[in-house]
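*Asks:* Heads up: the protein sequence lines correspond to chains A and G, in order.
FYI, in the working numbering the residues of the first sequence are 1 to 96.
FYI, in the working numbering the residues of the second sequence are 1001 to 1285.
Bear in mind the hints are in silico, worked out from the structure with no lab data behind them.
Possibly wrong hints are sitting among the right ones.
Listed next, with one range per pair, are the computed distances between beta-carbon atoms [as the list claims (entries may be wrong)]:
1. A:Thr23 with G:Lys1071: 49 to 57 Å
2. A:Pro36 with G:Glu1122: 19 to 27 Å
3. A:Ser94 with G:Asn1050: 58 to 66 Å
4. G:Asn1172 with A:Asp78: 22 to 30 Å
As the structure is a prediction and not an experimental result, all values here were calculated from the model.
Glycine included, C-beta positions come from ideal geometry on N, C-alpha and C.
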Amino acid sequence: MSETTFMGVERNRIDWKPTIDYTKCDFCMECTTFCPHKVFEVRECEEMKLIVRNPDNCVVFCRACSKLCGPDALSFPDKNATTQRIKEIRKEESNA
Amino acid sequence: MLENYAILPCNGLDKSAGVISGEIAKRLCESAENQTICPVFYRVSEKKYNRIAGEHPVLVIDGCQTRCATKLAAEKNLKISKKITITEEAKTHNVELSSNLRLLENDNALIEKILTALNQSEDKLPIIPAEPSVTYDFEYETYQHGKFIFRVPKNPEVYYNENDCWAYVIGNHARIGVTDFVQQNLSDILYFTPPEIGDEIDQFGEIGEIESSKSVFELISPFSGKVIAINSPLEQKPELLNENPYELGWVAEIELTDIEGDKELLIGFDQYLKIMKKKVEDLNG
Chain A
1 MSETTFMGVE RNRIDWKPTI DYTKCDFCME CTTFCPHKVF EVRECEEMKL
51 IVRNPDNCVV FCRACSKLCG PDALSFPDKN ATTQRIKEIR KEESNA
Chain G
1001 MLENYAILPC NGLDKSAGVI SGEIAKRLCE SAENQTICPV FYRVSEKKYN
1051 RIAGEHPVLV IDGCQTRCAT KLAAEKNLKI SKKITITEEA KTHNVELSSN
1101 LRLLENDNAL IEKILTALNQ SEDKLPIIPA EPSVTYDFEY ETYQHGKFIF
1151 RVPKNPEVYY NENDCWAYVI GNHARIGVTD FVQQNLSDIL YFTPPEIGDE
1201 IDQFGEIGEI ESSKSVFELI SPFSGKVIAI NSPLEQKPEL LNENPYELGW
1251 VAEIELTDIE GDKELLIGFD QYLKIMKKKV EDLNG
């Protein structure tokens, strides 16, 4: 059982998280400084110095980090598809 | 035509978007009575530019989403009248920016398109706010955490999403805005980008953007519908969102398309208050 829910659905059942385009990311780490939910993690000693460490901490429908990303390296799933999926899960759960 | 503005470009020298921002500022100053604020010189000597910015509306031109020019404007307490971001303009005009620091054909084409749009935006007639057809009377519950006070409307006609936006529904219309939680977290709001009248918005789709020096907040519409009014005074006075995000700081009104279907994914006052309190405690300890 997920600890948190969004719209009554367990958060870990909702696919909403940033995806990092490593061909664009310049590892400025502005996103880690900005996001208060600790979605990202810095790994200084690894080639990919930035990863999405806690995807379920990401606030569903929030895309603020991508709007602040200078090199435009962050993307999110389609909102409509996510809303539809949430509705489906709610329906499945109410029928269960 | 865009005239009598103080223009603050990011003028970044190591990215094409920054170079374009500087070029647009130059061309706006060549073609009309505008004045450029040099961001580098402004850092070390502010008297001259504070005077210019105080006497003219300010156009901020950011190169990219790092928003260096916006942050400088916030630091200097400038009131932003207009603002563009080159990387976003490139997407809007479907132009791929070159990585070259010299202006190429594509870049010049983009510059022309941006200049045309800026000049045309000045020629548009101002939107006259429609007389409100209904009265929105809010009743509030107050929650205090440390020095922060959060008001939350408790009217049964007000619905919330978990992204801290509210909708006050009357008939098949709803007035939409952000809650105190948003404005307290963003702190001083510098700029408001409204949706367009006539925009068709999906439930949880974007219905405008507000921006402070700390962040950009995408307003997530609780309901689906068509935008029929915007709170145009916010464009010149975005601080109304801080002062009163429910009454003077409402954002838009929409004509609803699926009231009952949308309500299934929304919450009322009791649930929102609980969620908001948890967010406040998580963020502020």
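*Asks:* Now tell me if each hint is right for this structure.
*Replies:* Here is how each hint holds up against the structure:
1. For the pair Thr23 (chain A) and Lys1071 (chain G), the supplied restraint of 49 to 57 Å is violated, since their beta-carbon distance comes to about 26 Å.
2. At roughly 38 Å, the beta-carbon separation of Pro36 (chain A) and Glu1122 (chain G) lies outside the given 19 to 27 Å, and the hint is violated.
3. Taking the beta carbon of each, Ser94 (chain A) and Asn1050 (chain G) are about 60 Å apart, inside 58 to 66 Å as hinted.
4. For the pair Asn1172 (chain G) and Asp78 (chain A), the supplied restraint of 22 to 30 Å holds, since their beta-carbon distance comes to about 27 Å.
Hint check: violations occur at hints 1 and 2; the rest are consistent with the structure.
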